[in-house]
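Asks: Chains as they are written, first to last, in my numbering: chain E, 2 to 362; chain Z, 2 to 362; chain U, 2 to 362; chain H, 2 to 362.
None of these hints come from the bench; they were simulated from the model. Some clues are possibly wrong.
Taking lysine-lysine and the DSS-like style, the derived pairs with C-alpha atoms no more than 27 Å apart in a straight line are [claimed, not checked]: (1) U:100 to H:197; (2) Z:198 to E:255; (3) E:197 to E:308; (4) U:317 to H:255; (5) H:100 to U:255; (6) E:100 to Z:255; (7) E:198 to Z:255; (8) H:197 to U:255.
Residues per chain are reported as follows:
There are 4 protein chains.
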Amino acid sequence: MAGNSIGQLFRVTTFGESHGPAIGGVVDGCPPGVALTEADIQKQLERRRPGASRYTTARREADQVRILSGVFEGVTTGTPIGLLIENQDQRSQDYSNIKDLYRPGHADFTYDAKYGRRDYRGGGRSSARETAVRVAAGAIAMQVLASKGVTIRAGMVQMGPICVSELDWDAVSENEFFFADNTQVEALDRCIRDLKKAGDSVGAKIRVEAHGMMAGLGEPVFDRLDADLAHSLMSINAVKAVAIGDGFDVVTQKGSEHRDAITPAGFSSNHAGGVLGGISTGQPLTAEIALKPTSSIGISGATIDNKGQSQQVVTKGRHDPCVGIRAVPIAEAMMAITVLDHYLRQRAQNAEVTAPVQFHE
Amino acid sequence: MAGNSIGQLFRVTTFGESHGPAIGGVVDGCPPGVALTEADIQKQLERRRPGASRYTTARREADQVRILSGVFEGVTTGTPIGLLIENQDQRSQDYSNIKDLYRPGHADFTYDAKYGRRDYRGGGRSSARETAVRVAAGAIAMQVLASKGVTIRAGMVQMGPICVSELDWDAVSENEFFFADNTQVEALDRCIRDLKKAGDSVGAKIRVEAHGMMAGLGEPVFDRLDADLAHSLMSINAVKAVAIGDGFDVVTQKGSEHRDAITPAGFSSNHAGGVLGGISTGQPLTAEIALKPTSSIGISGATIDNKGQSQQVVTKGRHDPCVGIRAVPIAEAMMAITVLDHYLRQRAQNAEVTAPVQFHE
Amino acid sequence: MAGNSIGQLFRVTTFGESHGPAIGGVVDGCPPGVALTEADIQKQLERRRPGASRYTTARREADQVRILSGVFEGVTTGTPIGLLIENQDQRSQDYSNIKDLYRPGHADFTYDAKYGRRDYRGGGRSSARETAVRVAAGAIAMQVLASKGVTIRAGMVQMGPICVSELDWDAVSENEFFFADNTQVEALDRCIRDLKKAGDSVGAKIRVEAHGMMAGLGEPVFDRLDADLAHSLMSINAVKAVAIGDGFDVVTQKGSEHRDAITPAGFSSNHAGGVLGGISTGQPLTAEIALKPTSSIGISGATIDNKGQSQQVVTKGRHDPCVGIRAVPIAEAMMAITVLDHYLRQRAQNAEVTAPVQFHE
Amino acid sequence: MAGNSIGQLFRVTTFGESHGPAIGGVVDGCPPGVALTEADIQKQLERRRPGASRYTTARREADQVRILSGVFEGVTTGTPIGLLIENQDQRSQDYSNIKDLYRPGHADFTYDAKYGRRDYRGGGRSSARETAVRVAAGAIAMQVLASKGVTIRAGMVQMGPICVSELDWDAVSENEFFFADNTQVEALDRCIRDLKKAGDSVGAKIRVEAHGMMAGLGEPVFDRLDADLAHSLMSINAVKAVAIGDGFDVVTQKGSEHRDAITPAGFSSNHAGGVLGGISTGQPLTAEIALKPTSSIGISGATIDNKGQSQQVVTKGRHDPCVGIRAVPIAEAMMAITVLDHYLRQRAQNAEVTAPVQFHE
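Given these sequences and hints, build the entire structure.
Replies: Pasting the structure below:
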């Protein structure tokens, strides 16, 4: 099955290459009756937009989205929503030198191995440019979720060695790193400057949460909420690990320590990250992802060309020293898509089920 | 969409509850012409079987699998393979006391929230008993993969605080913990005894790898090989995190350090874990998963019943102090299912593609 | 994608060969809270059972179904329902003579072309024996639909040249042909006797309807209710044509004649068969299917063997002179599965939609 | 699952309303390495284009397609192909009068019943305008199939009472009716003139065939080639019936008459329409479909408005007196999509199977 769609009932399909004429997609299964304008989507796109921050790529894209269908008189109709973003600042000449090269750490080699050819300009389909469409689709999902009381938020919690000391969600919108701790901004700024000087890059950790969750979302045994979330978050470019709740910390935990007690007022803790047995508990859904440092760096690296000959490559072009920064709105988008998809799946199968217990908090 | 199937072209569907009459499943899309007997499957089931080790649950199940279809004269026919394992040692009386209770850390509450009812005996559908069918289906996948030169292996690399000092794959089949380091067996044994005495449990980390991989598997942008692997591994009971290659370590890595150089003899390292841009490189595919400590422990815990009243619960029944032990063959099964599924998907779309470069090692 | 499943949210997967140990399947996505016993399913199986009528095959099968999961204390739990029917009267010796032959009109040649091998005993997977599982799954769907006020019924309306003169639904349960006209029973009886004497077979037309339909089911533009129904009905063995509403008669109709007027009391006619634009109108959903005469006949036919050599073949074994008879409960099952699937899909996407108009009949 | 996609491995998703800014779609799963230009697609679009014939709607649309992705240097890359056709001649004012009316025979009532609202301009999503994208996607499928030796063709064989006397495939491209018999063109012309004068419309029958088929395509038991074809053909606007091979004629056939004998030179006849047991035989795949007369006619009809009040409606706007004419290229497109999808599915599962017999014709 072709792999450019995600979600079963809220289904997002994307198309487009970094340096083609346009990128876009189709959102199929959006419930009717939801107020939606291009501005609602644009707001989220703005957060991911290249050229918007001095800490990210210098490529300038207006990322102006057009809604081509599925919305009538400002309200969704239930029919598929066509989305289009024309590419503008393409500078294809930057890439001709890597036409026959397999840049280390990039998908050049694997795309050739898979398809026997590739659009090499700016990474073609493997470019993070495609994620703009995810953000657009995620904005639609968030609009629907908001009407059900569910909100999604993400923030960077670590960049290289710099960690959040205390999680401060307000900070995320107050600095250009989407970092959940304003006290580290100066250190982050210095870090990026140093990386740029060295022509290097660094990894990052993003935390993403859904609040106002309803209990009962997730379809065991395979399409558990956490399993589908792992899929959607791992599908983001450069992500190498996904953790739910306490993640890898559970390895050293005892059962008596990990399990979240339940009281008449609700759960006492949230080691589980809001999922038990693959089904949401109603607590916040929490996940963390690790993003690798971009391989597009100014330091020369050993590789081969498509004749199998040794080559050295230095990536020119315009790249982010930390791709994790712009991944924040993308992570929100992917969680929103997955949660909404499961909300609809739950509604299909279990429309008549009522909550077993009312917590009195 | 109902969630009890995984894979697109090699598609596994399971059914069955812990204390129902039987568990089973259907493997649809197995290529024809593969030699397959019940013994091939039984061998893998044996490794996961309850009661097989003194370190795991005392429940005794023969776990005798029957192949009901899809195999004729010892060879697969391409039609769906029906699998059946009758349940034997059910002791349903053990569970009547938790009929109205929501055990903390278990799926009792969430199943009720989702479906409005549940088979409470032994966890019902949420029990790890279902994973026997995964192991059976995985054994079929491994049989097919073996004919293509791909082998899968898994081992425990950490249990609570006890880590592998040096990875020794031979050790995995030599100790009852599937631990990849025989020098730690004594420590592990002591740890399990202490846990049993304390009525507690502990988490674990499992490493799983595919060798002999072909380059080109994975369907960007959403059905990337790593994303689908994250889905399938996270769908295993108790798994809370999935890492590909260096996993969360990439957060502190530099780009110059992380990217794997390519030479005419092949890749120089494998930080990527065998996947670039969501497509296999041909290197070993490597992943690690974290399993939480089981919540079925002898220490009393606070919870509520289905009237919302405070209760204390002590799990009796027969449980593993470390569910990670038996997860080893399950992790192999899930990786095998995902890799074979992507092998078939690649064959559909890109049957005529030939490798871009022949490495001369 | 492996093809042994149907439905998206109410998903039925079947397995099993005519002469294997058992046939069975999995029903995934059945809503929880529905009363269901093996007797409910058995009742429908009885109508399709081989050996139940003197007009159908002499093969004797108890067709005793076991529910292996998904039902607890007589009520569905929302988890997958495993179904099993052991094969009994297999007489495999009947088939050894056709091991290397491609019987004309059968799937012998095409299964070999597709899979490179086949279980030749009794047609293997291509046998109508598999449809017992469909009837079982359909019985579950009907149970759910009944609770929503939807009922399904089918009857034979033509066998060879013998047509229903006036449609009489009560007759269907009163004769062994499921024929919707008792006045033709004698003619049908004579026809079958003549066919048996001649060693020949004949085709049939079945009409199938859903009553008590809700408006709004169907997912344009591809998964229209009528398109999905065409898929599910055409997937029945021997079906060669599917008509919705007036079917092929629309070719000669005028627009002024075909379109169904709407009044405050409802639609004035039902040329459309209960679907407009791929979405149900709330009127009865009506379809007709054509079943070919079975190719298993006693008259010698020209064919080849798997060496490409000319051969003559006479089908022995035990076969129905008119496979259309037993197709009646199968057609009901397939319509039930499709309608319920779309009911769930509608509930997912449009749960908050209310009917635009209340007809006052 | 949202219903705007078709095909599993060659997957087509469409979006767009009749009077929105644009229609378009995504073709995911097109194999790489296929030469493809906008002109290849335009050629097929031209055949369906409104305003191209004096016998069809007077709406003028350039139907200029843009390929937005998935093609690089004139060759497909294996990544999704984005397609866009801007709408031009929209005349929305024509439709304001039917804003609150449910036109009989149209999807106005059912869209409101399903979604609670609709884009009423020109039928919105239910308009046949969407089929332009199907034709574009089908043109891509045909391009791939042609490289495998498979060709698709369709023609009208009946319009109202006027039948083809002898099937003449050359005629199809020689008259504006795509009619497979030039001797009837005058009668067809007169028929359309009379219908226009009367403000009425008429139904049609289309025949569609695939030649150069390979044996072995189709995925029993549900995703049979004929069942999937029934789905895809029935999903075309106005189609009310689908027949494979002899279709409804099989009802009166004897088994001895229907079954196609096999000789060392191949099949002696093709009553089956190229499918046995749901799998292609290698013979031509043949199907016929019935299209209802359009309900958009100038004769006043009884209906209700969205308050449930009786109304009379006369459809103004620009409509085809016989929608069957333009359905010819659409039928070709749908068959091409389905055949290619099954070709890829067969390749995935059974890549190593070789034909059982070589016919020596």
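Asks: Which earlier hints can't be squared with this structure?
Replies: Those not satisfied are hints 1 and 3.
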